[in-house]
Every structure is written in C-alpha cells, then in structure tokens.
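Just so we're aligned, residue 24 is where the sequence shown starts under the numbering used here, counting upward by one.
It should be emphasised that the hints constitute simulated quantities derived from the structure, not laboratory data. Take the hints with a grain of salt, since some may be wrong.
Keeping only pairs whose Cα atoms sit at most 25 angstroms apart, straight-line, the calculated SDA-like set for lysine to any residue is [unchecked claim]:
| no. | residue 1 | residue 2 |
| --- | --- | --- |
| 1 | 194 | 407 |
| 2 | 402 | 446 |
| 3 | 139 | 176 |
| 4 | 519 | 284 |
| 5 | 128 | 164 |
| 6 | 425 | 443 |
| 7 | 395 | 176 |
| 8 | 504 | 479 |
| 9 | 425 | 279 |
| 10 | 425 | 477 |
| 11 | 519 | 255 |
| 12 | 128 | 479 |
| 13 | 519 | 447 |
| 14 | 519 | 120 |
| 15 | 139 | 201 |
| 16 | 519 | 494 |
| 17 | 128 | 155 |
| 18 | 519 | 251 |
| 19 | 425 | 451 |
| 20 | 194 | 512 |
| 21 | 128 | 201 |
| 22 | 395 | 145 |
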Amino acid sequence: MTPLFPSITACLDAACHARADNELFTDPEERLTGREVSDQVERVASGLLDAGYRTGNVVAFLCGPSVRHLITFFACQRIGLVPCAFHVNDSTDRLAQTVMFINAKALFADQGLAEKAEAIAGEVPVVFLGGDGNSLDTYLETTPGALPDSPPAPDDPALILMSSGTTGEPKCILHTHATLAAMTPLADEIYRCSSPDDSVIVIMPPAFAAWAITTIPMLSLGARFYLDPNFAPDRFLLALQDERITLAPLVPTIWRMVLEAGPEEYDLSAVRSAFFSGEPGSADLVDALSTHITPNVCTAFLASEGCAASAIVAGPDILVAGNKPEGAGRPVSTAVIRIIDPEGSLEDILPAGEVGEIALQSPSLSIGYLNKPALTAEKFVDGWWRSGDLGLMDAEGVVFVKGRTDNQINTGGVKVRAEEIEVVLLQHPDVANAAVVGEPDETWGERIEAHVVSRDPDLTEKLLLDFLEGGDLLPRRLLPKAVHFHDALPTGATGKLYRRGLRQTGSS
24 MTPLFPSITA CLDAACHARA DNELFTDPEE RLTGREVSDQ VERVASGLLD AGYRTGNVVA
84 FLCGPSVRHL ITFFACQRIG LVPCAFHVND STDRLAQTVM FINAKALFAD QGLAEKAEAI
144 AGEVPVVFLG GDGNSLDTYL ETTPGALPDS PPAPDDPALI LMSSGTTGEP KCILHTHATL
204 AAMTPLADEI YRCSSPDDSV IVIMPPAFAA WAITTIPMLS LGARFYLDPN FAPDRFLLAL
264 QDERITLAPL VPTIWRMVLE AGPEEYDLSA VRSAFFSGEP GSADLVDALS THITPNVCTA
324 FLASEGCAAS AIVAGPDILV AGNKPEGAGR PVSTAVIRII DPEGSLEDIL PAGEVGEIAL
384 QSPSLSIGYL NKPALTAEKF VDGWWRSGDL GLMDAEGVVF VKGRTDNQIN TGGVKVRAEE
444 IEVVLLQHPD VANAAVVGEP DETWGERIEA HVVSRDPDLT EKLLLDFLEG GDLLPRRLLP
504 KAVHFHDALP TGATGKLYRR GLRQTGSS
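Go ahead and model the full structure; you've got the sequences and the hints to work with.
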C-alpha cells in the first residue's frame, strides 16, 4: 500500500486545509482550527530556525499530550529536527543520561515539569511549552519567515522513540520521514476509522509509541484531536460524551478503570471504535467494551520498532464473532509476518500452532537503534525485525501473542512462560491484576511465584491456589510456590508490567 502522503508534514498540510475553519487540535486549554494550526506551526518553525536549529538536530520533549506539543512536534518535522520524547516518570539521573546520549540541542517541557527539566538539561536550553519566561510564546510571536525550499529527505531521521528499559544505556529507536509516512494509510485497518468526521481522544504521553501510531494515521483522515494529559476515568468518560469522540484508544488496564467508573451513565453514542493495545485482551474485557462502550471493539499488536504498517490487528470479526478475544489478529496489508524458531534464523519458520518468535517486515520498520550498531544488526536482519515477542499463528491465520522470549521460567527443566500462568490467575473473580516471576531455587532452578492485586481483602494464598488446582486450571507442577499480595504492581516508564521490580522486592 502506497503512503497517502510523501511526509507527515504534507499530511498535516492536507488536514489543515480540510479543516481550515473547523477545529483540528483541541485540549482543555486551547482549541485551534486548521488555519490556526498551520499558522502556529509556521511561526514556531521560523522561530526555531532563527534560534539556530538546523536539519538533523535532536530536540527532547518532557511533556504530556497537548496542542502545544503537537504544534512544536510538527514545526520540528517541517524543518528536519528530530523529536525525542522522554518518559516523564523516569528518574532524573536516567533522563540526564539520555539528554547526553541523544546529543539533544534543546529540551521542550511542560511548565509543571520545570524542576525536573532544569535538573536534567545541563547546558541544553530549556523551552517551556507554556507559562512565562523562556516559553513557546516567544516562537509563536515570530513572524513567519522563509522556510527551507526542499523538505527533509525521506531517509533523513525524523523521530526517536524511547524503549521502556530502566537500566543500562538508553535504547533509542530511530525512524525516518519515510517510515513515518508509511503509517498514513492505516487508520481504517487498525482503528476502523475512515472519515474526516472522526475524532480521537489522546491521553497517552508522546513518549509512548502509541502516540505516534495513533496520531499519524488519524491525521491522514483529517480527523479532529482532543488531547488531555490529566487522566481520570470520569474525566475520560465526560470527554467522550462532550467532545463526541469516535475513536477511544487505551491500554487494557486503563480500560478496566474506565469500565468500573460507570460508562452507562454517559452518552457514548458517538463512539464508533473502542481500541486497546499493549497487552492481549480477554473475554471479560472484550465483552464489557462491547456492552458498555461500542460493539466495534478492536485491538492491535504494535511496537516502537515496527509502528503502524507492521501492525497485527483484530476487530469484532475475530474477537467476538470468531470467539478469539485473546487474539492479536492478522497482519495489516503492509506487513508480512513469520513465526520463527527463537534460537534459529529467519528461515526456521514454525508450523501453525507452534509458539515461536514473531518476525515482521513492513515499510514502517525502524532503521535501527541510535548508537547501537551491534544490537541493530542482531534485531534487524535482511529487511526483517526480530521482535523478541513470542506468538503462534492458528490454522485460520490469527496470531496470538504469548509473551516475551525473556519472560520464561525454567522450573525443574520445564520452560514456562510467565504469561501462561498470569492469564489463569486472572480468571479468579477477585484477582484484579497478576504477575508471575521465577525466583532462584536450589531444587527447581527457578520456582514460580505469583504477585497479585486482589479486589477482596479476604482472598488468601490458600484460597487462590485451591481455585487453581480445584478448577483443574493449572497442573500441579505449574502452581505458584508462593503468592504475594500487593496494592498495585510495579510498572516501568511506559506503563508496562515491571517484573524485575517484583524479583527485587519479593513480597509486599
């Protein structure tokens, strides 16, 4: 499939023209028409050039989703700067290290993160997206001047996405203008959205790959954006109602919070697509979304390295009618998938039904990891990306994600995927969240231990293990040797479960 636009700046231009007199970018503080968006992007781009920034310079962002971030992001794209958004919950030391690692020339930050921004910037100038002093207003007051005649080249760097690692050097995933443009035609296949009348709510911070994977395809439609950095379930539901949102994308954990907040009390008749990604679905989640949000429930397996044109997607035809609520789906038309032997080559393709490593090929694949040639050579091979994710493809071509190659527990010589046990634990009605880790054990090599968040304070280890064994849900050899109860499970900067933190902390 050919990209709809040669670049995402061309995509923005088309959206601004189509919505010249109608709202395009909105948030709780600002509401801009397409004409106003175009004017502000030109002003900020001119201001950045006047300040001495040039094509190829990397600029960092420490912020939530907002109109001002979108304006600055597209101003950077216009003149060839390379944005890199940081996870705001990362430690100061980690962020300061990343500023140096990417050789950032500027740091754009929310005013509310001023203290952290100043602490990590070092000698790098800080520009606040709002507020007094050295703020974006200075650029917005710039008279638009002459911008470069020729746009950045397709193979020029355009975006750096951060991985969710918490130790070692940062893992920075590099995309080009061509790989971003390859995402433009995917709104219908991924989100089941195809109209310029669509509107999307964006609560995920720009540091998440999901931000770009949502923004770029939906902008190609000319859809309206509502961005909100302050999530609360009732606030989210009110926005769906008042903003007449048609696409609502969240991770399953956040969807469950929304579903517990009484969505039936709001008018959600405008919502045409309830989307989730980041972890596999479940029967109860799909059923609840279908009942309380919209029957059009869809999901995707997505990754920073692969982005939208590498997506594996499922809609109601697979999740509901096909009775496969845990399925990731089938590849979009731009993607090719193989399930391969994790210890073999790309040619070691496994038959249907066998679990192996997911390998993907598509025009939106990253060109590699910044300053990490060895890792790039290991993961990006002959036009393919070896994901490190485990999955299987059934006889009907539906892919099921089964965990990570590095989430295996070797207990008594038997290799077990942590996710296999977690999905069974979640079948207990009082278990709100669960994680399984392997702990060193003299007898077993590793022993299986479970960490759970319970809805019922009276739930005990014995009651839970009796449920697992009595219901014949797990063989005895896979029953956890211990169960630890928590108020919440640790997550990394991207919100993904941080199992290493559980191994380090043990019981709560």
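Here is what the structure says about each hint:
1. 194 <-> 407: holds (19 angstroms)
2. 402 <-> 446: At roughly 28 angstroms apart (the allowed maximum being 25 angstroms), residue 446 and residue 402 break the hint.
3. 139 <-> 176: Given that 25 angstroms is the threshold and the Cα spacing comes to 34 angstroms, the pair is violated.
4. 519 <-> 284: holds (22 angstroms)
5. 128 <-> 164: Distance of about 21 angstroms is within 25 angstroms: holds.
6. 425 <-> 443: holds (7 angstroms)
7. 395 <-> 176: holds (23 angstroms)
8. 504 <-> 479: Since the Cα atoms of residue 504 and residue 479 sit roughly 21 angstroms apart, the hinted pair holds (cutoff 25 angstroms).
9. 425 <-> 279: Satisfied, since the Cα-Cα distance of roughly 21 angstroms is no more than 25 angstroms.
10. 425 <-> 477: holds (24 angstroms)
11. 519 <-> 255: holds (19 angstroms)
12. 128 <-> 479: The hint is violated at about 51 angstroms.
13. 519 <-> 447: With Cα atoms ~19 angstroms apart, residue 519 and residue 447 stay inside 25 angstroms; holds.
14. 519 <-> 120: Distance of about 22 angstroms is within 25 angstroms: holds.
15. 139 <-> 201: Not satisfied, since the Cα-Cα distance of roughly 33 angstroms exceeds 25 angstroms.
16. 519 <-> 494: Violated, at roughly 29 angstroms.
17. 128 <-> 155: holds (21 angstroms)
18. 519 <-> 251: Given that 25 angstroms is the threshold and the Cα spacing comes to 20 angstroms, the pair holds.
19. 425 <-> 451: The given pair, whose Cα atoms are some 20 angstroms apart, holds under the 25 angstroms limit.
20. 194 <-> 512: holds (24 angstroms)
21. 128 <-> 201: holds (23 angstroms)
22. 395 <-> 145: Holds - the C-alpha atoms of residue 145 and residue 395 are around 24 angstroms apart, at most 25 angstroms.
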